[in-house]
Amino acid sequence: MSVGPWRTALRALRRDRVALGAAGVIVVFALAALLAPAIAPYSPNAQPDIVGMATLRPSAAHPFGTDVFSRDVLSRVIYGARVSLGVAVLSIALSMTIGTAYGAIAGYAGGATETIMMRLIDALLAIPRVLLLILALALWGSVGLPTLVLMLGLTGWFGTSRLVRERVRALSRGEFAFAARALGASHARVLWRHVLPNALTPVIVAATLGIGNVIVLEASLSYLGIGVRPPNASWGNIIQDGAEAIASGWWIALFPGLAILVTVVAFNLLGDALRDALDPRSPHA
Amino acid sequence: MASDPLLDVIDLHTTFATDAGPARAVDGVSFAVGRGETVGLVGESGCGKSVTALSILRLVDGAGRIEKGGRILLEGRDLLSLGEREMREVRGNRVAMIWQEPLSALNPVMTVGDQIAEVARVHAGASRAEAHAKAVEMLRLVGIADPEQRANEYPHQLSGGMRQRVVIAMALVMSPALLIADEPTTALDVTIQAQILELLAEVQRRMGMSILLITHDLGVVAETASRVIVMYAGEVVEEAGVRELFAAAHHPYTEGLMLAMPRVGGKAERLATIPGAVPPPTDWPHGCRFRERCPYSWELCEREHPPLYQIGEGHVSRCHLAIEPERRAHPHPPIAAVVGAGAGA
Amino acid sequence: MRRLLAARAAQSVVIVAVVATVVFALIHLAPGDPFGAALESGKVSPEVRAEWRARYGLDRPLPEQYVRWIGSVARGELGWSFSRNRPVASALAAALPNTVVLMGTALLLSIVLGIAAALLQASRRGSLLDRGSSAVLLVFYSMPEFWLGLMLLLVFAYELPLFPVSGVVDPVVHEYMGAWGRFADRVRHLALPALTLTLLLAAAVARHQRAALLDVARADFTRTARAKGLAPRTILVRHALRNSLGTTITLLGLMFPALLGGAVIVETVFAWPGMGSLATTAIAQRDYPLVTAIALVGAVMTVAGSLIADLLGALADPRLRDA
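Chains as they are written, first to last, in the numbering used here: chain S, 795 to 1079; chain U, 1078 to 1422; chain R, 5 to 327.
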């Protein structure tokens, strides 16, 4: 298994200050999410004074203000990081696994199998993901977080399967795969030990960029009221609360949105840098 | 050498900035091309011949720079002193350049006719109709059948040989005084190669054009050039009339190139190769740059960088054998060969 | 070219069939009876109930239900929307044009702005302008649409009352305006939602187009163009741009689903009466025929969009015409 390209890529990445900065931001947010109970100034659902403390402007006591239910927005945003980041990371992990498996099998099998499998992907990619999720969530009704992760994961693997299939296709027709088989390796072994490790680079890039996409997607669904539901705080449903009070409490919608923006920008920067380091020839789509 | 050369390159230095320091790709090259002459510029890849050509048209970009001090005189005017706008009037107009791979040299989304016509519109201010007519005329000139039809086709619809003809047509629209051809036939089949060379010769006869033909293939040079310049490691190492060169090459590098040429009808022996490799342009060796690969080198070659010695009428060579010709009788294994052999296998 | 068209048209039909199948599968995989809620709500008349039974074959085995479903989709029969008390097709017909107007405006503006921005960046590559605008574009590209919409609403409708808050036309005075006034009213209402979509899509287009232009700049034919004595601006526009437009058109085709998804969300922010608003109210009222139809129509629009993108791409790049 060749580690050469990986090592050179990591070295290149270490020199890229923008990428390092982005990675740093992501680490900070991830830590904040993990350590939420420790660093959030208040409990996210605490409503100490429902009337007196509702919709307060940002102040020293409440840096992000309070919402219409007198909850501290900063604490909700920190706890929201847990949900938004957690859902995104888990669903991406699911998508990448399914997509890689599907694409690898299609690319390796070749022939009619491959064609049929990829035509199916063409069809699945035609459906706008948002509409598909809206339909599914409408049909299933109120879903818990695990089901939401499942749904996001099951709708997000189509593009990855294409990437992997292309790579696997090229690699498995290559000579070293043929040589391995000539030495007696089974199909599975060739695929697993020889082809896949080299096919994974576009997946890493896609995963990084994908996390940003899913964060926005989940936020959109939560904003519409069909994603993460209260009392769980996600950045999206905090913005939903903020939308209803937009005229009187602009901070409620502003800060979670900024959190999303900063996180997604960081993932995009990191993803772009990874792509330049690992896959310089790929088209910048 | 005619006293009024069309092109006179004087002490050209072109340097590239690289991670490993400045690479002196062209390191003090001087030569001239007369009117109506075909001059061959020969050398292996990395010797600086392509960069020399690019430097003439000032198309060296990115990390490359032409150093001050050199001059490139075209019909008496120093191209290096021109502003960019004036230079654009020279390109495609007085001096044209063609390259090796015609498919990538042509814009895939424009018709062949449009690309040729573009030259006329830019340099001669021709109208669309006039330029189109000129394009058709040029296609006919380069021997493409049914030029009206072809002018409306796209590059990918033509064969390799036809594409190179199109590229030549594009270069000749303004009847340039000088055509620089960088490996124009390398990417083509042998039969097509011959056709293209013949086309170039014919066009030259008709238009009185000079050609600077850059190639690594001595066979091509033998057929088309009247004078040959051999380059190595960023320098001119030999220059002579074509017959003289093939009959009595002086520089050991040129000798090596000749021996490495496969010859039909000769004895079926193993082809000779020149052991070792071209040194890196970031680090030209002291003294003669060919020393380590040369079968005749001695201490002088390491101490002193050889100048261009006059060997005969119109024949120069950058080799100390000019002053100690008797050493040619005692060849020895080149240093590079010994070192290479010692390093196992 | 004609062969390309025929092949893609055939593919499109297959894709729609697959989409219809996926929708069917979802309906039947979901827990509970999708029509149960409607039937119990009492809002459904016996006639409609009978019609459903007939169309969807609710009491029949699954394969038969599937055939009936595909059949009705193929015939374009989309059923009855009980939340709106009219045929689904009619509800869609009212909403679809609004979505199309919104998407179309955003698409046009994005193409113009995106390509202009990319040209500007590519011609001043590496400069502060280039790098600064790349950063700005990245920020817009990374934003959630609904949030951008909310912020624009906040600033330009609430804080500075320049634009209306919602809707397509002014509910009160639109009728009384002259032709010019009515047009202006529509534009004012369209402005913010379209701007929201445009900013995001234009950023994506600009990023992609800039990369494509720079790729082309390194290509051999650019060197040939310089050797012909062409000016840099000519090379950029006449050669580089024409060459890279093909990839951008392909990108737009690929982004169509995302654009539609984005429009759906933006509509809810601005209460723009298009498919998005229709979908959210349909969900709230558990009007499954309507939600299903929206998903289907959305998919069909996407397929149509990508077909058009492919055809335009073939026009731009002659190499694709014989594919």
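Check before you lean on any hint, since a few could be wrong.
[Stated by the list, open to error] Chain U regions said to be covered by chain R (calculated; three or more residues, Cβ under 8 angstroms): (1) 1179 to 1191; (2) 1195 to 1203; (3) 1278 to 1286.
Honestly, the hints are just simulated from the structure, not real lab data. As the structure is a prediction and not an experimental result, all values here were calculated from the model. Where a beta carbon is used, it is the ideal one built from N, C-alpha and C, also for glycine.
- Which hint numbers does the structure go against, in order from smallest to largest? 3
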